[in-house]
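Asker: Spelled out, the chains give:
2 protein chains.
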Amino acid sequence: MPRVYNFSAGPAMLPEYVLKDAAAEMLDYKGTGMSVMEMSHRSPAFTAIIKTAERDLRDLMNIPDNYKVLFLQGGASLQFAGIPMNLSLPKNGKADYIVDGSWSEKAYKEAARFIDAKCIASSKDTNFDRIPDLSDLPIRDDADYVYICENETIHGLTYPEIPDTKGHILVSDQSSMFLSKPVDVSKYGLIYGGVQKNVGPAGVVIVIVREDLLPEDKIDGVPTMMNLRVHADKESLYNTPPCYGIYICGKVFKYLKAQGGLEAMAIRNAEKAKILYDAIDESKLFKCAVADPAQRSKMNVPFVTGNPDLDKKFVEEAALAGLWNLKGHRSVGGLRASIYNAVPREGVIALVDFMKKFEAENL
Amino acid sequence: MPRVYNFSAGPAMLPEYVLKDAAAEMLDYKGTGMSVMEMSHRSPAFTAIIKTAERDLRDLMNIPDNYKVLFLQGGASLQFAGIPMNLSLPKNGKADYIVDGSWSEKAYKEAARFIDAKCIASSKDTNFDRIPDLSDLPIRDDADYVYICENETIHGLTYPEIPDTKGHILVSDQSSMFLSKPVDVSKYGLIYGGVQKNVGPAGVVIVIVREDLLPEDKIDGVPTMMNLRVHADKESLYNTPPCYGIYICGKVFKYLKAQGGLEAMAIRNAEKAKILYDAIDESKLFKCAVADPAQRSKMNVPFVTGNPDLDKKFVEEAALAGLWNLKGHRSVGGLRASIYNAVPREGVIALVDFMKKFEAENL
Numbered sequence: 015m016p017r018v019y020n021f022s023a024g025p026a027m028l029p030e031y032v033l034k035d036a037a038a039e040m041l042d043y044k045g046t047g048m049s050v051m052e053m054s055h056r057s058p059a060f061t062a063i064i065k066t067a068e069r070d071l072r073d074l075m076n077i078p079d080n081y082k083v084l085f086l087q088g089g090a091s092l093q094f095a096g097i098p099m100n101l102s103l104p105k106n107g108k109a110d111y112i113v114d115g116s117w118s119e120k121a122y123k124e125a126a127r128f129i130d131a132k133c134i135a136s137s138k139d140t141n142f143d144r145i146p147d148l149s150d151l152p153i154r155d156d157a158d159y160v161y162i163c164e165n166e167t168i169h170g171l172t173y174p175e176i177p178d179t180k181g182h183i184l185v186s187d188q189s190s191m192f193l194s195k196p197v198d199v200s201k202y203g204l205i206y207g208g209v210q211k212n213v214g215p216a217g218v219v220i221v222i223v224r225e226d227l228l229p230e231d232k233i234d235g236v237p238t239m240m241n242l243r244v245h246a247d248k249e250s251l252y253n254t255p256p257c258y259g260i261y262i263c264g265k266v267f268k269y270l271k272a273q274g275g276l277e278a279m280a281i282r283n284a285e286k287a288k289i290l291y292d293a294i295d296e297s298k299l300f301k302c303a304v305a306d307p308a309q310r311s312k313m314n315v316p317f318v319t320g321n322p323d324l325d326k327k328f329v330e331e332a333a334l335a336g337l338w339n340l341k342g343h344r345s346v347g348g349l350r351a352s353i354y355n356a357v358p359r360e361g362v363i364a365l366v367d368f369m370k371k372f373e374a375e376n377l
Numbered sequence: 015m016p017r018v019y020n021f022s023a024g025p026a027m028l029p030e031y032v033l034k035d036a037a038a039e040m041l042d043y044k045g046t047g048m049s050v051m052e053m054s055h056r057s058p059a060f061t062a063i064i065k066t067a068e069r070d071l072r073d074l075m076n077i078p079d080n081y082k083v084l085f086l087q088g089g090a091s092l093q094f095a096g097i098p099m100n101l102s103l104p105k106n107g108k109a110d111y112i113v114d115g116s117w118s119e120k121a122y123k124e125a126a127r128f129i130d131a132k133c134i135a136s137s138k139d140t141n142f143d144r145i146p147d148l149s150d151l152p153i154r155d156d157a158d159y160v161y162i163c164e165n166e167t168i169h170g171l172t173y174p175e176i177p178d179t180k181g182h183i184l185v186s187d188q189s190s191m192f193l194s195k196p197v198d199v200s201k202y203g204l205i206y207g208g209v210q211k212n213v214g215p216a217g218v219v220i221v222i223v224r225e226d227l228l229p230e231d232k233i234d235g236v237p238t239m240m241n242l243r244v245h246a247d248k249e250s251l252y253n254t255p256p257c258y259g260i261y262i263c264g265k266v267f268k269y270l271k272a273q274g275g276l277e278a279m280a281i282r283n284a285e286k287a288k289i290l291y292d293a294i295d296e297s298k299l300f301k302c303a304v305a306d307p308a309q310r311s312k313m314n315v316p317f318v319t320g321n322p323d324l325d326k327k328f329v330e331e332a333a334l335a336g337l338w339n340l341k342g343h344r345s346v347g348g349l350r351a352s353i354y355n356a357v358p359r360e361g362v363i364a365l366v367d368f369m370k371k372f373e374a375e376n377l
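Line order of the protein sequences matches chains Z and S. The working numbering puts the first residue of the first sequence at 15, with every later residue one more than the last. The working numbering puts the first residue of the second sequence at 15, with every later residue one more than the last.
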């Protein structure tokens, strides 16, 4: 079977080059006589893998020296508790959340189980069709941080610019936009993301955190494995890390550098997104809930026909045409095309062509 | 480079058959046109992978229907906090630990941060050279469980039989003996293990837990992601699981079934261990700290020459002979050969031959 165009929201498409390389090295990584899966995490070969991955990620994102880069387990979902536990519980125990979709809402609700978390802006009353008004946010003076999910995978929303946190620390879940464009890391206290969307296989979460925000290595009520200081001090080797996933991420980092880095990815991703949003806006059948072009995610594009039966037919017929995983998230229905770094422009054009054909046949 | 004999304590050797199969499927899993790394965790293809893996594991271990099987992230180390949080915090908040090595000691210390954990037997005063006396254990009447690490990877100790817990629930860390021999699951309340020793790539921990021991789905102070009920109710798909690792574990399960199951593995592992321990006992150079043959681990065999310089020389010269990762854990020094399922008998014989040669040259 030829490779298909895979529009899954995550786990998602990876560069074919990376997969071929991984397959070729599966039984013998660079003359070691073993697979990366079989290597001690403290061996020289794996040490080189994780150190190189970190250095390449630092290069790609231009991460300042006073930030730690951690490769952890548990997904972004474990950090929904981990972030308040690390950044707030040992301080004022208060943090302010902006809620613009399912993931920021989940993070907010989980944080509220451990600290005094407050939702200071939300677009829930308009079904998360926009970024809430960010002018003059009612941030509490003693809030330990302000939290955003910078790209909402399910609702297809992104922040055109980061909010004015009035001097408070900004924490950002960048899972579904990680490495899709340059970001100014120095404006954040902590950036994190599950890698299974734009970077690698599920099972690795990357945390980039300003060193001075790390807590003590023991916090009452916080599992040792959730303490970011513990992992920072041990350079992600406190316990056995998800070695193979880190190895694949490292290959993707190298690949992105060779492709021109994040500036190049941003240009390509903007082009791909324009092709798809233009097709939706020009269509009489398909609609996109997010009206403001600046707030439309360049990674996750949800759209609908307005008729659930027709949506279902679209998903089925698209798959037969080699365009997979176009179903919207089960919580909102409809359709969604995730067009991460590894989805080629040709894939988006094939999708748009199919949409036109489908519209002609079904309108 | 030919494949080497890899005696790493974990991540560790995997069956070559499994690695070849994974490499062949890397770009196109069974005609899906995508890698398992790229698949939505809710796709039919991945659903079949995780369901088949669970069924094969249930077959292999003969797991009763009233036990849940969970594929989680975070390693055994996260469960050091997770187990007391789930099995004790909502009940009496007391649990009793038997400490026979570094891993049970770590688990005990972490548990004591969340509940009233008590060490009821220990062999620390003899440097963990034996399983502590298990006759008439001073288990507290209201202890929620009794905890053991059934095979201590660093000290090379194993339980000849499980302790009499006087009707209390038994919790066992089986990380480094998982699937090495049949165990009677019905005698345990919870069995868990990181897979990176005997089963698959680092980044998956398997928890087998009796259904009636699962807590409510919200426990004060416990992150949602650490609640075993949450994962059980969602069949390990509460969030994105470590899909690729689960896929490899599934392949190993199938491979073990084809090899004759755990009875066959137990026979082979006992034979391999006998070859190595006999060589140590017959040697004038090498010594093993664990005196009682019944308590000697069949998976991890620590030994020493008594001379750190000679140990170092042994590790270096062995590697040149294609025998890798024979250094003891950094906390205890010396030498260690981990001879998990995937280490072939020929590998153990090659090691023993090398030991004899080294002894003749260095004694």
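These are computed hints drawn from the structure, not numbers from a lab. Ideal Cβ positions, reconstructed from N, Cα and C, are used throughout, including at glycine. Incorrect hints may appear among the rest.
Straight-line alpha carbon distances no greater than 20 angstroms define the calculated SDA-like cross-link-like pairs of lysine to any residue that follow [what the hints assert, rightly or not]:
| id | chain 1 | residue 1 | chain 2 | residue 2 |
| --- | --- | --- | --- | --- |
| 1 | Z | 34 | S | 40 |
| 2 | S | 44 | Z | 333 |
| 3 | Z | 120 | S | 251 |
| 4 | S | 232 | Z | 235 |
| 5 | S | 326 | S | 370 |
| 6 | Z | 326 | S | 56 |
| 7 | S | 120 | Z | 333 |
Pairwise CB distance ranges (calculated) [stated by the list, open to error]:
| id | chain 1 | residue 1 | chain 2 | residue 2 | range |
| --- | --- | --- | --- | --- | --- |
| 8 | S | 232 | Z | 231 | 45 to 51 angstroms |
| 9 | S | 248 | Z | 301 | 28 to 34 angstroms |
| 10 | Z | 45 | S | 274 | 43 to 49 angstroms |
| 11 | Z | 180 | S | 45 | 51 to 57 angstroms |
| 12 | S | 45 | Z | 123 | 37 to 43 angstroms |
| 13 | Z | 73 | S | 327 | 35 to 41 angstroms |
| 14 | Z | 296 | S | 44 | 34 to 40 angstroms |
| 15 | S | 176 | Z | 141 | 52 to 58 angstroms |
Asker: So, for every hint listed, does it hold in this structure?
Answerer: Hints, verified against the model:
1. 34/Z / 40/S: Roughly 7 angstroms separates the two Cα atoms, so the pair holds.
2. 44/S / 333/Z: 16 angstroms, holds
3. 120/Z / 251/S: 16 angstroms, holds
4. 232/S / 235/Z: 16 angstroms, holds
5. 326/S / 370/S: 16 angstroms, holds
6. 326/Z / 56/S: 16 angstroms, holds
7. 120/S / 333/Z: 50 angstroms, violated
8. 232/S / 231/Z: 45 to 51 angstroms: Violated, since residue 232/S and residue 231/Z (Cβ atoms, about 28 angstroms apart) do not stay within the stated range.
9. 248/S / 301/Z: 28 to 34 angstroms: Roughly 32 angstroms apart at Cβ, these two residues keep to the hinted range, so it holds.
10. 45/Z / 274/S: 43 to 49 angstroms: Since residue 45/Z and residue 274/S have Cβ atoms about 34 angstroms apart, the given range 43 to 49 angstroms is violated.
11. 180/Z / 45/S: 51 to 57 angstroms: For residue 180/Z and residue 45/S the Cβ distance comes to about 55 angstroms; the hint holds.
12. 45/S / 123/Z: 37 to 43 angstroms: 41 angstroms, holds
13. 73/Z / 327/S: 35 to 41 angstroms: Holds: the Cβ-Cβ distance is about 40 angstroms, inside 35 to 41 angstroms.
14. 296/Z / 44/S: 34 to 40 angstroms: At roughly 38 angstroms between Cβ atoms, residue 44/S and residue 296/Z fall inside 34 to 40 angstroms, so the hint holds.
15. 176/S / 141/Z: 52 to 58 angstroms: 55 angstroms, holds
Hint compliance for this structure: hints 7, 8, 10 are broken, all remaining hints hold.
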